[in-house]
Every structure is written in structure tokens, then in C-alpha cells.
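Residue numbers (the working numbering), protein chains in the order written: chain A, 1 to 213; chain B, 214 to 426; chain C, 427 to 639; chain D, 640 to 852; chain E, 853 to 1065; chain F, 1066 to 1278; chain G, 1279 to 1491; chain H, 1492 to 1704.
Keep in mind that the hints were calculated from the coordinates and are not lab data. There's no promise every hint is true.
Below, computed lysine-lysine pairings styled on DSBU-like, alpha-carbon distance capped at 35 Å [said to hold, decoys possible]:
{"id": "1", "chain 1": "H", "residue 1": "1612", "chain 2": "F", "residue 2": "1186"}
{"id": "2", "chain 1": "E", "residue 1": "973", "chain 2": "H", "residue 2": "1515"}
{"id": "3", "chain 1": "A", "residue 1": "24", "chain 2": "H", "residue 2": "1612"}
{"id": "4", "chain 1": "H", "residue 1": "1567", "chain 2": "H", "residue 2": "1612"}
{"id": "5", "chain 1": "C", "residue 1": "450", "chain 2": "C", "residue 2": "502"}
{"id": "6", "chain 1": "D", "residue 1": "715", "chain 2": "E", "residue 2": "928"}
{"id": "7", "chain 1": "C", "residue 1": "547", "chain 2": "E", "residue 2": "876"}
{"id": "8", "chain 1": "C", "residue 1": "502", "chain 2": "B", "residue 2": "289"}
{"id": "9", "chain 1": "C", "residue 1": "547", "chain 2": "D", "residue 2": "663"}
{"id": "10", "chain 1": "B", "residue 1": "334", "chain 2": "C", "residue 2": "502"}
{"id": "11", "chain 1": "G", "residue 1": "1354", "chain 2": "G", "residue 2": "1399"}
{"id": "12", "chain 1": "H", "residue 1": "1515", "chain 2": "G", "residue 2": "1354"}
{"id": "13", "chain 1": "E", "residue 1": "973", "chain 2": "G", "residue 2": "1399"}
{"id": "14", "chain 1": "D", "residue 1": "760", "chain 2": "B", "residue 2": "237"}
{"id": "15", "chain 1": "F", "residue 1": "1141", "chain 2": "F", "residue 2": "1186"}
{"id": "16", "chain 1": "G", "residue 1": "1399", "chain 2": "H", "residue 2": "1567"}
{"id": "17", "chain 1": "B", "residue 1": "334", "chain 2": "F", "residue 2": "1089"}
Covered by chain E, per the in silico footprint, the following chain H stretches (three or more residues, Cβ under 8 Å) [claimed, not checked]:
{"id": "18", "segment": "1497 to 1506"}
{"id": "19", "segment": "1582 to 1591"}
{"id": "20", "segment": "1650 to 1664"}
Glycine residues also receive a C-beta, built at the ideal position from the N, C-alpha and C atoms.
Number of protein chains: 8
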Amino acid sequence: IRQGVPEVILGEGKTAAQIVAIAKELARTGQNVLVTRVDDAKAAVVVSEIEGMKHSPMARTCTLERSPIVPLSDTKVALVSAGTSDLPVAEECAETMRMLGVTFDRIFDVGVAGLHRLLHKRPLLEEAGVIIVIAGMEGALSSVVGGLVDVPVIAVPTSVGYGAAFHGLAAMLGMLTSCASGITVVNIDNGFGAAFAAVRILRARARAARSTP
Amino acid sequence: IRQGVPEVILGEGKTAAQIVAIAKELARTGQNVLVTRVDDAKAAVVVSEIEGMKHSPMARTCTLERSPIVPLSDTKVALVSAGTSDLPVAEECAETMRMLGVTFDRIFDVGVAGLHRLLHKRPLLEEAGVIIVIAGMEGALSSVVGGLVDVPVIAVPTSVGYGAAFHGLAAMLGMLTSCASGITVVNIDNGFGAAFAAVRILRARARAARSTP
Amino acid sequence: IRQGVPEVILGEGKTAAQIVAIAKELARTGQNVLVTRVDDAKAAVVVSEIEGMKHSPMARTCTLERSPIVPLSDTKVALVSAGTSDLPVAEECAETMRMLGVTFDRIFDVGVAGLHRLLHKRPLLEEAGVIIVIAGMEGALSSVVGGLVDVPVIAVPTSVGYGAAFHGLAAMLGMLTSCASGITVVNIDNGFGAAFAAVRILRARARAARSTP
Amino acid sequence: IRQGVPEVILGEGKTAAQIVAIAKELARTGQNVLVTRVDDAKAAVVVSEIEGMKHSPMARTCTLERSPIVPLSDTKVALVSAGTSDLPVAEECAETMRMLGVTFDRIFDVGVAGLHRLLHKRPLLEEAGVIIVIAGMEGALSSVVGGLVDVPVIAVPTSVGYGAAFHGLAAMLGMLTSCASGITVVNIDNGFGAAFAAVRILRARARAARSTP
Amino acid sequence: IRQGVPEVILGEGKTAAQIVAIAKELARTGQNVLVTRVDDAKAAVVVSEIEGMKHSPMARTCTLERSPIVPLSDTKVALVSAGTSDLPVAEECAETMRMLGVTFDRIFDVGVAGLHRLLHKRPLLEEAGVIIVIAGMEGALSSVVGGLVDVPVIAVPTSVGYGAAFHGLAAMLGMLTSCASGITVVNIDNGFGAAFAAVRILRARARAARSTP
Amino acid sequence: IRQGVPEVILGEGKTAAQIVAIAKELARTGQNVLVTRVDDAKAAVVVSEIEGMKHSPMARTCTLERSPIVPLSDTKVALVSAGTSDLPVAEECAETMRMLGVTFDRIFDVGVAGLHRLLHKRPLLEEAGVIIVIAGMEGALSSVVGGLVDVPVIAVPTSVGYGAAFHGLAAMLGMLTSCASGITVVNIDNGFGAAFAAVRILRARARAARSTP
Amino acid sequence: IRQGVPEVILGEGKTAAQIVAIAKELARTGQNVLVTRVDDAKAAVVVSEIEGMKHSPMARTCTLERSPIVPLSDTKVALVSAGTSDLPVAEECAETMRMLGVTFDRIFDVGVAGLHRLLHKRPLLEEAGVIIVIAGMEGALSSVVGGLVDVPVIAVPTSVGYGAAFHGLAAMLGMLTSCASGITVVNIDNGFGAAFAAVRILRARARAARSTP
Amino acid sequence: IRQGVPEVILGEGKTAAQIVAIAKELARTGQNVLVTRVDDAKAAVVVSEIEGMKHSPMARTCTLERSPIVPLSDTKVALVSAGTSDLPVAEECAETMRMLGVTFDRIFDVGVAGLHRLLHKRPLLEEAGVIIVIAGMEGALSSVVGGLVDVPVIAVPTSVGYGAAFHGLAAMLGMLTSCASGITVVNIDNGFGAAFAAVRILRARARAARSTP
Ligand SMILES: Nc1ncnc2c1ncn2[C@@H]1O[C@H](COP(=O)(O)O)[C@@H](O)[C@H]1O
Ligand SMILES: Nc1ncnc2c1ncn2[C@@H]1O[C@H](COP(=O)(O)O)[C@@H](O)[C@H]1O
Ligand SMILES: Nc1ncnc2c1ncn2[C@@H]1O[C@H](COP(=O)(O)O)[C@@H](O)[C@H]1O
Ligand SMILES: Nc1ncnc2c1ncn2[C@@H]1O[C@H](COP(=O)(O)O)[C@@H](O)[C@H]1O
Ligand SMILES: [Mg+2]
Ligand SMILES: [Mg+2]
Ligand SMILES: [Mg+2]
Ligand SMILES: [Mg+2]
Ligand SMILES: [Mg+2]
Ligand SMILES: [Mg+2]
Ligand SMILES: [Mg+2]
Ligand SMILES: [Mg+2]
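Isolated chain A (complex conformation) (with noise of 0.2 Å):
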């Protein structure tokens, strides 16, 4: 999994000192670095630490670009997330994808409760290759999407809401169980794991697509 992309490194659970002494270590061999689910705190001794290190706020990542980013493939995947608050995730998957080398549309504030938002974005949906579905409270949006279309359709439910929303449980829970088939669920927040199984559908089609004459 590991040449020409970035290495990352889970910010959460570690120190910046940590991350800092991780970080330089790869970027001494010329990799690139994507560090995720890092807080301001640890993100301001992150860059102050390491030349060229950028720290992205609403991603709550830094990344370091020390080779070109190579493109995995021209298929487009569709981020596709429910509200304002659900942002900080949406913004993480679109980092990882970014150093990834995936190019992907910003579908944002398509909940359900607005359904013609989401009916105007239908042809975008149609168009992509994979979508992610990012939401919170009930988590919804990933049925209707994956009942309208016949893509690959990850889905993230979000720790947005509260009460019954349980720190995402009400979404998780939403998601495993919807009534339309063939969705698939990652952990609750996990931006950065939409992205690479994203990325896994892709560069396998590459991979297939070199190999056939």
C-alpha cells in the first residue's frame, strides 16, 4: 500500500512530540505525510516543528507535500454530506483524498429533509464512480442516495447531534441497516476511512485496467 502515497499517521492518542519525531522520519526519506484527527494545540507545535508542514483546521489535518501527488485515477468520486456540522469529517475525507490523488465533487448540505437539494445533484451522482454519504443524527442520506443510484456508496455516519443520536450510534446503526442495498459502512467520523476505501475501489480498477491489453 505503501510507495508514491502518503504515509499517515493517526494524530489522536498521541503526542505532538510524538507525532512530530513520526512525521520526521518519514519526510527525511522524501515521503509525503498526512496526519489526521489532530487538534489545534498539537497541530501549532506540528507545524512550527516541520518545514512545509500545513495544518488544515476544519479537516483537523496537517499534511506535508515533499513529492508530487501522483493521480490514482480519473474516475470521480461524489462526497456527498448532509450539514454545516458535518463538515469537519467531510473535510477530512477531502484531504485524504487530496493526498491521495483522488479527484472528487463537494455535494454539502443535501439532507433529507430537503430532498429536492439532494434531487437537483442526482445527474452528479449518476455521473460518479463512488459516492460517500457523510451524515449525523439519523443518518438517512445514505438510503436515499444508495436508493437512487447504482454506484459503490460508502457511508460515514457522524458524531453530529445529541440524546438519542448517542455520539453517532443512532447514524451507525442507520446506516448497517438500510434499506437499500449493497451500502457499506465505515466507523463513526471516519473520513479518512470512506477516502481509502475509496481509494481501494480505484486503484484496483486501475490496477485491472493496465493489466488488460
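With chain A fixed as given, assemble chains B, C, D, E, F, G and H with the ligands onto it according to the hints.
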């Protein structure tokens, strides 16, 4: 709550003999009787012991009509359900409304995975005075319906589904955290409760209408 | 749902800057604005950035009244709550009703452990067109109210309590399994949702009244 | 704990043969025996194998009275229950009290949805030395009783209910978080345990009375 | 419940200002006041605003003694706790008992992992009229105490522990399913509730004694 | 989603009569039919009522092939499962893939407790275009497979196991929190859903291939 | 792990035919076979199909001894259990130890509610090289045993109990949060696993002993 | 358990003053002291108040060595952990073993997503007398280790991870239901408990060795 409307017996957790005893007592006073959540075996006993008692196997109800059912209101309820497996709950709801004098339309098999079927019914939804939405699995239907129309929506999660549906928990949490504003929820599989909630709305409205010159 | 009534912004999960941006956009079109679940720090920013915006710390809301609030109906809502700790949720509900043109009475501090206080308010309950019951801990208040009167009851479990209250779970399960028939429930701490559910009922009733000669 | 009072065998999780063996051993020494949570099939074996053993199907108990039951105290227990479906637990409790020499009154079918029935029984409640409250669904009855009177209240959540009742969890959490002060709780469906808790209270009181000149 | 005994204010979920207002109102009528679950910051305000109010930081209580505390009974309560971390709950219980006129012995630091310490206290346990057992983690202490003596046992699960303790859930479930018969349980960390349950027992006993010639 | 591919009926929650009615309707139009989660009793009725319907007891499916199955792609799916008890889910997945024209290899009985068996199959895994991993208990197999290869991995937790497996919850949580990046998950026991997710990937790939000159 | 010791087949989730096939295959190579979690119906088939296979109904095991069982160590295991209802798990553990050549003493019916019975067995506990503690309900027995002695303690929560026992959850959480240091835990009802954990300890010790001159 | 080995104080839930008091008391008798789960603020107080006390911030421990640590055994423990975020738990375990005289090797950063790193360490694993496996997220590492070697395996789930990891629940359930036989489990994040379980094994072994001529 009790004049002119049926007395309701919750059949679950009672023996057939107990149900018969309570129902006979009520019948003697000329009252209509509705027994809910009564399985086939108990229903057979109840029907054979009480003259005029009828069994709806799909709804799991027994009903006895000793006096004519008094129409409650001319406002129509829309009874919306997602799939075939939700029928027992939907029919329990229907039988309860029928016995309580509520007029309603059935809008069945309109799960969100096939959105067009629901959208075709939009006029019916907009005409309704109250909408009851019955769905299992992820229960997304109530969010979509609640986003489409402005009418009171009573959502009934059902225990339809398996695995992460956890016997209706996924649908229940999903409906409670719906991104559509002002959806209300009753207990899992509680078709009776949804009907009764509609009755509360219609009865208050009828009373208000009567007291207006 | 949108003409003449305020646009609602869910403050939680948004930055102060995001709230300001959305609210300014709405204000420019002359619309009233209600921001819910906004903490003191964000509220300070929102109030200082937007002319005429007001903050209710108890209700955790900010409100902007650009145009006069249109009365929705002459039916009164009874807003019932169990204890002092439920006030933030009750006041969120009150502010939402106020902004949406609903008339209501407060019936506060009538928890079931002191039944007489509730029973003294029975006439007020019977007059109401809709009752909203707000209670934490075991949430028994909605069962008692629902047994006393025949009116639509919307129950709001709150996260008040500790230990086995599990942040509102005990009250939520209790309200969903209420032995009083036809109680409906919204999400934990969702005072806004209860107000909106009442609005759905009152709006449908007003519409029906208008269409009746 | 053991002289003059029956030895108790928990029937659940034991084979009929194991119950018979233990009961015979006890009977040989002249002791009274109470078997709880014994289903009809096992009870049939136990009754047929042991001379004088009696079966109460509603209470799911078998009892053998080899020596006269010694009255424990002249203080009365009030055994309060919410509905017909709580009868098996209430009768298990009753049989246990009877075998342990406790005098008690049954106050049944006084669920909080029909408050007047409970209020009519207030004098009986106030006279009692201990109150046992048995209720399923949301278990609100113990809060109301605990608010009405000053007596020790032992609450028994039952598994009556469906859906969000989660086999007694809703009632159990509700009773543990009761807003009435000083309510104590035993396990779901544990009528036996409630009776025994009452016995502990009455026995300590009797002992204290004896040691006072 | 209210004459001669303190009025109790649950501090949690109330602002310092609200607590002060309620306490002042009560103090004006000459009543004693007990505030529970009040953190250091609120307590500082309450103490500085109300003449004579005292703060117990360990117990997280504030108390105001306007009139002499009336002794409730000469029966002693044994207040048993497992470890040092359970002290805040134990002391909340102690302060509540003190304010309500209950005499009690502290038997602390007798967790079941060092059984001999508990066994040395057996005489004290046997003399008690009521035993309150306070323990976190697995809460086994109440089973052992309940097996040793015949006295009423009120078990208080605490939130002490981490991981699978799940904030007191492990202890709570353990105490509810205790293999010792007739143990009763109050909410997690509810030292107040246990004291009040003891008061119910002692008060009923005192009343009975008075009414006996 | 619907041309040339079978219509799928979820057998669970439907009566045999309902399944027969739906299947007959579909069969009349010449469509292939797949019924999933159908127990032996219902399957017997379905097979006897519909000419050409076949039952796979292990897969709990009934299938009707009215028109030849159209091959979907020449990309192979690797169907990996942990143990013998996972067979029903694995075979449901296999039957679904067969009916949808997917080519696949079975790699069974390669649970992580015997790692060498899995490692021997590594070449087969690397050749696959999609991998479906089916495992119960702790579900660790998907993490190991996801770490070995770069291909899309769809994980199916099964309800195999007892105790802390909690009917598939342990495996489901384990797969969602996998330390291998980009694993996606479907519902517990949802062999059908995994097959359909693979179909979404293969179909999108086939469509892309067709549209490339 | 496999020479000279029996191959173990987990009977649950396999058909009788599958068990027979696997067992026959193993038997042919002269190996001993242990089948666990096999119900009476399957066991009857297995016993009738395989010469020499024996069924222990209490332990729910079938065993085939083709070659003599090799004693593993002269260190004794103490197999401690709380009550009669724990016997099936205790006997599964016993049969597994027997088949694996472990010597053990049974110390049964020593639940903590009757502490003296356990204390009488203290010498046996102190002599043991490993202690296995099997208990349901609140599972307090392992804390007490772990506090009494210094030996490795393997705790097995059982599903014995009802209500808040939640099928072994209470005991499992209790054992995991034991206040006695260094207790280890296996899955609910996993008598087999506890035996195997003991075998790991004894085997490592035997190996170490052999490699010491 | 107590001679020659350190007394252990659980720092969590105690004030710095309480820790200091207990530690001073122990130090006065010349005993070694280990304080676990002590945060930086408390540690600063403890270190400044007690001569010779040392703080390990990573391990969250304070240690006082008044007398030389007595080596327990020449058997080595392998301390295996999955990732950098598990370090605090692993180091708590390491410090506990060091204080108790256990010799051990660290085998860190060998999570199952990169299997080769673990396989390279196989010889070290096979040499160990006890293996402690520390892992968060899905906790699969213990299944793989338990399948590779025959040695006692003590698994420690950690709270590392987010979303469906539910603070260590996913890892805990996964380890308890491991498909590798005879794995034992301690509480989430309980590095201390795992070390102590290893000590129980090594101590019993040392005692047995001593008593063998
Ligand atoms: N299906 C049902 N679900 C929930 N509550 C019900 C149901 N059917 C009846 N009830 C309620 O149960 C009451 C009757 O309870 P009971 O007196 O036990 O028969 C009715 O008045 C209703 O309030
Ligand atoms: N306190 C609240 N609780 C639940 N939903 C709310 C609340 N306040 C606002 N909403 C809903 O959130 C929507 C706004 O979401 P957003 O577009 O993210 O600001 C509103 O239209 C309401 O439907
Ligand atoms: N620590 C506590 N835990 C649970 N309930 C309490 C506690 N302290 C006081 N209460 C109860 O809360 C009531 C006061 O509630 P409030 O009127 O909101 O102050 C008292 O009468 C007690 O019944
Ligand atoms: N009662 C049991 N509980 C848990 N695991 C078991 C049990 N019996 C056998 N096993 C494990 O299951 C494996 C056999 O699984 P299988 O190959 O599916 O028969 C054995 O090697 C054991 O590791
Ligand atoms: Mg929005
Ligand atoms: Mg359908
Ligand atoms: Mg109050
Ligand atoms: Mg009734
Ligand atoms: Mg201590
Ligand atoms: Mg196998
Ligand atoms: Mg026994
Ligand atoms: Mg790493």
C-alpha cells in the same frame, strides 16, 4: 377518555382466560372491545368464547362491535408504511383507527430505497390532517415524509430487520434524531399508540371546532 | 414550511463564524431568525456581530425579530415541566413557540413526587389544545399527565439526573413505554422539536379551519 | 437466616430432578420449602414426586408446608401492582410473603394512567408498614406511590411491555432514577427478592421490639 | 414528609443563584436546609450568600441548621463502604443522615478483596438496624454483607472504577442481581437516596412503636 | 438497478403466502427471483407453489432462473470465511453473487487462530478484484486480510459465537474499528448485502470500461 | 498446540452431520476428540454414528478417546463454582480438563451469600496451582477468591440469572472490574476456554520444568 | 500477597492529599510503593511531598523504592502492544512488572494490519513464559498471538480508538470472544491488572519449583 369509544385490552402478557373475562365484563355493558397483540392461539379461544368477537390475524387484534362506531372527525389520516414486513404493525394501527372512528388512507410499500413511489403519493400526504409513518430497519421514511410536508407526523419504528436493527432500536433512535423538525415517535411496533396519538389530535380539534360558534 | 416563520439554525456543531454568516444571510432577506443550542461564548459573538440579535442564556437561544411574529392560532399550548433543572429545555421550547407565534402557559415544577401540585393545575391542562411535558430522571410526569387528560401530549425527556439516568435514556425509554395511550416523544432535551411538533398540529388545525366555510 | 422459615430453591436453571433432590433433602428435616421460578413442566414432576408439595401456576412456585408458618410481625405490607400482566411477579411475591409469615394486602391494577384508582387506595397505603410496588413498562407507579407516602417503598420492575421496554430495562432505570426520594429497587421480575427485603425490615423491627422492655 | 426535617435541594443542574434563592426562601421559614451534589464553585457562592450555611467539600453538600436536628430513632445505621474513592458518596450519605437525625457508625475501607477486615466488623453489622453498603467497581460487598447478616441492606453502587465499570453500571447490575436475598438498590452514587431509604424504615418503625401501648 | 438481474425478496418477516404472491408476479414477467432469509418451512411452500423454484437450505435461499444469468464482469471476488458456523452467511452471499452473474472463489475455514491457512491463500487474495470477509466471534479476520492486501474489502460480521459476542455485536464493532485502513462493513449476517456491495463495485467498473474507447 | 491432545469441535452452529464428518475425519487419524456445546439431539446423532463416542448431557459434550489421555502436569486445578445452575459450565470445563490431562478438584456450591462454605475450603484453594471460578448473577465469587489466595485465578461469568443479569453481562462486567488484583476473565459460559487457559499455564510450566536441569 | 512486594495505590478517585497520606504511612514501614493512574497534577504533589518518589508520566505512575526489588522468577514475560497510542497502558504494565520483580521484553508496534512485523517476533513470543497483549480498536492482536503460540496469553483491551470503539468496548468484546482458545482478559486499560495476573502465574510457578526437590 372512555365514553362511546372501545375499551382496549393489551392481549400480551395476559392468558386467554384473563382476556375473555375482561372482554365479557366490558361486553355486558354494551361497550365495543379491541384486543391488541393477541396471538393466534389466544385469539381462537377469545373468538370461540365471545359471541360476535372477530379476529384479524394480520393485525393480531380481536374486535367486538356491540354499538355502532362513532365517526370522530372528517379529517383524514395518512397511514404510510415502508414494506411488506411492516404490515402487522400497520394493520394494528388501522384496526385501532377503525374502531375509534378515524378515516384513513393506506399508503403502503413506499420505503425510501425507491423514492419515486413515495413522491407519487405526495398529494395524498399533503391532504392528510395527520400522517402516521411506520418503518423498520433504519426508519428513514419518517425523515423524508417529515421534510416533504408540514402536517403532524407520528413515527412508529418497527422491529423489522435483523442484526444491527436490534429489534427496532436502530429505527427508534433514527426517528428520534430525525433531521426533519417536529417528528414525534411512539414505542417500537406500537401501531396502537400511533393511532391513539392521532385520535388525541383529532379529538382535540373536533372539540375546538364544536366550541367555536 | 418557510414563509412568515423564522428560519432556525442549530447552533451546536457550528462555529460562531458559521452561525453569523448564515444568520446575516437570512436577516438580509428580512426573515426572523432563531438560533438554538448556542453556548454563551458563541452567543456573545453572534449578538455583537448582528444588529438586533438577542440572547436568552437560560434557553440557550439567540433570536432576531426582523418582522412581526404572526400569531399561529388561538389554541393554547400547556408547557409542563417537572423541576428547576429542566428549565433550559423548557425555555428553549418556550422561545421556539414564541418565535413561531404560539400562545402558551407555563406549568412548571410539578414533578410527580409532589402530585398535589400537578392536580391543582388540572383545569389548565384540560383547557389546552396541546400539552408538552418536559421531565428528566424517570420521566414519569408524561404518563400521569397523559392519564389525566385527553389532549395531544408531546413528551420531552431531558438529560437531567445522574447514574442510571444515563443522560436521558431512562426518561426516554420511560416515555416511549408509557402506560398512558397515545403519548408521543421527541429526542432527549429537544425542546425545539416539541415546539415544532405542536406547531405542526396547530398549523394543520388552522388550515382546516380556514378551509371550512 | 434459616431457622423456622422455609428454605428457598430457585427453580430456574435447575432440572426437575435437581429440584426434587434438594427439596426432598430439606423436607426430610421437617423444613418448609418454597421453589420459585418453576415452569409448569417441572412443577408437575416436583408435585408428583414430593408428598404435600403444591403448585401455584400464576406465581410459578411450588410450596411444601411441613411445619406451621410462624407469623413474622403484625405489621402489614401493601402489595401494589400496576396491571394484569404483572400478576405472575406479584403472586410470586405474595407466595413468598405467605410462606415467610408476612401479612399483606393486595392493591392491584392501579397503574398511573388511571390515577384515581390509586388515590382511592391512599388510606391503605398510609397504614402499611412497608409497600412493595410492582410495575412494568415505564414503572412510574413507584414514583407516584413514593411521593404520596412516607413508608419504605420497595420497587420491582417487571419485564411487562415490549419494544423500548427492553425486557424490564425501562422500568428498572425509571425506578432507580425516581424523583421520589428513598425508593429502593430489586431485580427485574424479582417478586421473591422484594418479599425478602420486606422480611428483612420486619424481622429487624420485631427483633428490636423484643429487645425493648 | 416535610415537618421538622430539612428541605433538600438537589444542587446539580441548578445555578448557584437558583440554589441561593430556594435556600433563602426555606431559611426564612426557619427550616433546616440540605443542598446535595453542589460543586466547590457553587458552594462558595451559596456559603457567602447565606448566613450560617456550611460546606462539606468531601460530601459535596451545604447545610444550614436553623433549628435543632430532631433525633429520629435510637436504632443505629451501619454505613459500610469499600474504599477511599467511595468517600464522597459515603459522606453525602452521612451528611444526609446527620441532618435527618439518624445515628450511624462508619465502617469504611472493607472491600471484599481483603475479607478479614470486613469479618472483624461482623458484630457491628449484626447490631445495626439498617445497613447501607457503598461500593464501586464490581460492587460485590453488598452480596457478602447481605449473606452475613439478616438486617435490611440498602446497596449504593458508585461510579468508582474505569473501563468495564462503565460509570457504575457494573456495580449497579451486580447489586441488582446479588445472590444474597432481599438486597435493595438505589441509583449510582445516590448516597442521599440510601440515607432517605433508611429514614423511611426508621420513621415507620418509630411511628409503629409510638402507636403500640 | 433492475434490468436483467434478479428481483430480490427478503423472506424474513413475510408469510409464505406473501412470498409466493410476490415471486409469482415477478416470474410472470420472466424475471429471475432470489428469496433470502427463508426458513425451511416457508421454502417448502414456495418451492411447491412455484414451478422451477429451487431451495438451498444452507444458504436459506430460494432461486428461480427464468432467463439465463448474465455474467457481470470477469473480475473475480474472493469469498473468505472464518469457520464452519459462518457457512449459512457465506452461502447466502454466494447464491446472491451467482444469481447476479458474479464469478467468485471460496476461501473457507481460514480463521485467524490458524494463521498459516490464511497465509497459504495469499496469492488468491491478491488476484481478487474484491474481497468479502465473513467472520463471527471477534471478527479479526477482516483486519488481517485488510492488512495483507490492497483490494476493496467488504466485511460481514456474523452472529456466530455466544456470550460477549452478543449476536454479532462484537464482530460488528471490531470490523468497524479495524486497524486496517479502508475496510467497509455491512450488517450482521448480511451475506446478501456484501454480495450486492461487490456488484455495485463491479458494475461501476464494467460501465467505466464500456465507456472507455 | 495439537499433538497428543484432543482436537476440539465447537458443536454450536454446526449441524449434526457436520460434526460427524469432522469427528470421523479426526478419529481416523487416531486422535481423541472433544465436541463442546452440543445439544441432546445432535449428541444422539453423533453418538450413534461414531463408535466409542460418549455423551455427557450435563456438560453438553461428546468425547471420543482413541488413545490414552496423557497427563499434563501434577499441579492441581481447583474448579470452584457458585451454585447448582452453574453446573453445565463447570462440567464443560471439567470434561475439557479431563480430556487434556489436567488433574482437578471440584469445589462446588460455595456462592458468596454463604461465605462460611467457601472459607472452609480455603486450604484446598491455597494448594491449587490454578483456580477456575465459575459464577453467574453478580459473579462476586471471583473477587472473594482472588482476595483470599495468591494463585492464578481464571473467572468464568455464566448466564445464570435473569433480569439485570442480562444473560451474563452483569457477571462479566463484575469480574472484569474486580477489586481483587490480577483476576483474568474468559467469555460468558466459556468453561472450555477457562480449561484451556489453565492448560496454557500448566503446559508452559511443564515445559519450563523440563528445560531446567 | 503483601510481603517484600510493593503496596499498590490506585491514584484515580483519590485526592493528592489522600495519596500522600497513604504512601507516607507505607513508606514509614520501609515498604516499596507503586501509585497507578495518577495524573500529572497529583503526581507533582506526591513527588514533592515524598522523598524519593519518582514519576513516570507516560505510565501515569509514581514509584518509591525503599528496599531493593526482589526478582520474582527467571521466566520472561513478553509485553506486546499494537500501536503508539497504547503506550500509556503498556508502560503502566511495565512499571508494575518492574516494581514486582518481573523480567520482560517489550515487543511494541506490531498491530495486525502489518502482520510481518509480528511474525518477525515469533521467536521472542515462543520463548516467553507469559505473554501480555495490549491493543485497542478491534483488539485483534490477541487472537493472532494466541493462535501463534501455546503460552498463557493475558489480553488488555485499551480505550484507544473512537466511534464504534466505544472507549474500549469493541476491543474488550473482541478479546473475550477470541477464536483463539484460552485467551484471558482483564479490564479496559488495566495494564496493572495484566502485570498482576502474570505475577500470579510466575509466583505459583516459583513456589512449585521451590517445593520440588
Ligand atoms: N398494543 C398496545 N401497545 C401499547 N399499549 C396498549 C396496547 N394495547 C392496549 N394498550 C394500552 O393498555 C391499556 C390496557 O391495559 P390492560 O388494562 O392491561 O389491558 C389500554 O387502555 C391501552 O392504554
Ligand atoms: N435545538 C434543536 N434540536 C434539533 N433540531 C434543531 C434544533 N434547532 C434547529 N434544529 C433543526 O436544524 C435545522 C437547521 O439545521 P442547519 O441547517 O444545520 O442549521 C432547522 O431547520 C431545524 O430543523
Ligand atoms: N443527591 C440527590 N440525588 C437524588 N435526588 C436528590 C438528591 N438531592 C435531593 N434530591 C431530591 O430532589 C428533591 C429536590 O429537588 P429540587 O426541587 O429540584 O431541588 C429532594 O426533595 C429530593 O427528593
Ligand atoms: N465451547 C467453546 N467455546 C469457545 N470456543 C470453543 C469451544 N469449543 C471449541 N472452541 C474453539 O473452537 C475451535 C474449533 O472450532 P471449529 O473448527 O469451528 O470446530 C477449537 O479449536 C476451539 O478453539
Ligand atoms: Mg442545513
Ligand atoms: Mg417492498
Ligand atoms: Mg422541585
Ligand atoms: Mg388494566
Ligand atoms: Mg483501600
Ligand atoms: Mg475450524
Ligand atoms: Mg445453592
Ligand atoms: Mg503504528
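These are the hints, each one checked on the structure:
no.	hint	in the structure
1	H:1612 - F:1186	22 Å, holds
2	E:973 - H:1515	26 Å, holds
3	A:24 - H:1612	26 Å, holds
4	H:1567 - H:1612	15 Å, holds
5	C:450 - C:502	32 Å, holds
6	D:715 - E:928	23 Å, holds
7	C:547 - E:876	26 Å, holds
8	C:502 - B:289	23 Å, holds
9	C:547 - D:663	60 Å, violated
10	B:334 - C:502	33 Å, holds
11	G:1354 - G:1399	15 Å, holds
12	H:1515 - G:1354	40 Å, violated
13	E:973 - G:1399	22 Å, holds
14	D:760 - B:237	26 Å, holds
15	F:1141 - F:1186	15 Å, holds
16	G:1399 - H:1567	33 Å, holds
17	B:334 - F:1089	26 Å, holds
18	1497 to 1506	holds (count 4)
19	1582 to 1591	violated (count 0)
20	1650 to 1664	holds (count 4)
The structure does not agree with the numbered hints 9, 12 and 19 stated previously, though it agrees with the rest.
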